[in-house]
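Residue numbers (the numbering used here), protein chains in the order written: chain F, 1 to 108; chain G, 1 to 246.
Because the hints were derived from the structure by calculation, they are not lab data. Treat the hints with caution; some may be incorrect.
What the hints assert, rightly or not - So these bits of chain G aren't anywhere near chain F, every CB distance computed over 10 Å:
| hint | residue |
| --- | --- |
| 1 | Q19 |
| 2 | V87 |
| 3 | Q155 |
| 4 | W163 |
| 5 | S226 |
| 6 | G238 |
As the list claims (entries may be wrong) - Here are some, though not all, of the chain F residues that point toward chain G, as calculated from beta-carbon distances under 7 Å:
| hint | residue |
| --- | --- |
| 7 | I7 |
| 8 | L21 |
| 9 | W64 |
The C-beta atom is built at its ideal place from N, Cα and C for all residues, glycine as well.
The chain contents come next:
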Amino acid sequence: MNHWLLIIGMLAITFATRYSLFAFPHLQFPAVVRQALHYVPTAVLTAIVVPGMFYQEGALALRWDNAYLLAGLATIAIAGLTRHLLATIGGGLLLFFILRWQLGQLPV
Amino acid sequence: MSLAAPAEQHLSPHQEFLQGMRDMLPMLVGAIPFGIIFGSLAVSAGLTPWQTVGMSLLVFAGSAQFIALSLLSGGASLAVLLLTTLVVNLRHALYSASLQPFVRHLPVRWRMPLAFWLTDEAFAVVQHRYAELDASPHKHWYFLGAALAMYGNWQLCTLIGLWFGQSVPDIARWGLDFAMLATFIGIVVPMLRSRPQVAAALVAGAVALVCHDLPYQLGLLAAAASGIVVGVCLERLGGEPVEVMP
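Just chain F, with the same shape it has in the complex:
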C-alpha cells in the first residue's frame, strides 16, 4: 500500500468530519443522527479497547500473565473512581509497566 495515499485519504476524511457543519452554517442534522452521534465515541473507543485487552498477538489471551488485560481492568477502576484523565493514564501506565516488569516481559 502507498502510505502517502493513506495519509491523503485520512486527511480528506478527518477534515470532512470536522468541517461538516462548519461548511454549511445553516444546516442541521436530523434528530436521530444527532442522537446517534452521542454514542459514537463510547462505541468506537470501547470496540478498540476491549480486543486490545483480551487479544495478544492475534489470539485470545485470557491468562494471568496478560498485563494488558489486568492493567486494563485496573485502569477502568481508576477511571471510574477518579474520573480524571491524567490520573487514569498515569496510574494505568504505571501499573502496566510494574506488571510487565514483574512478569519478565520488558526487554531489559
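Could you slot chain G onto chain F? The hints should help.
For chain G alone, kept in the frame of chain F given last:
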C-alpha cells in the same frame, strides 16, 4: 502588549489568542505521551520518518493515527483503514455541529482552518469559552490560540518520538501501545453516566470480541455500529434525558 483593558471592554484578539493557548496547557500535558508514542511506534508499523511527520501535520487526529498504526501492523487494506478512520472520526461531526452556531458568522478563511484544528481537546476547551456569557466579538481568536497550541505540541512530540524510537532498541516490544488503551478508557468511562451509554459500551465490547476474527478488522465496524444502534434504541425506548456532551 497593551495595559489590561477596563472591565467593561472586551479582550483584544491578541489577548483572546494568548488566553486560548494558556487554557490549553493541561490538555497539552495529556497529549505529550501520545505524540511521543505515536512518533516512536510509527516506523516499526511501516511508515517512513517523513510519512510519520506528514501524518501528524496533515491528519492531526491522535486516535485515528494510533489506530492506523495498529491496523497497518495487522496488514489491513487501504479501504479498511480509511473506513475505520471515518468511523473513529465521526465524533468530530458532533463537535462541528455543537460549535457551528458560534462560527457561522465567520468567513470561510476562518471556518476552514478552525475545522482542520478541531480536536477533542480543542473542542472541550473552546466550547467552555463560548459558553461564557460575555459578548466578546473575538472568541474565534481564543479558538485559534487553543487550536494552534495543540497543533504545535503534537508536531513537537511526534518529532521527539521519532528520535526516541530510533535511538531506543526494541521500542515496539515495550508495550507503549497500552497508553492508547489507557487514554481511551480515561475518555470513555466518565461518559458512562446513563443506561444507554453503558449498554452501548457493553454491546460494542462484546461484539468486538465475538467478531474479532472477521477479516479486514471489520469486527471494529460491526462492534461500533451495534453499540450505537443499541444506545439510540434504549434512549428512544426509555425516554431518559439525553446526556449533554461535556
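Ascending list of hint numbers which this structure does not respect: 2, 5, 9
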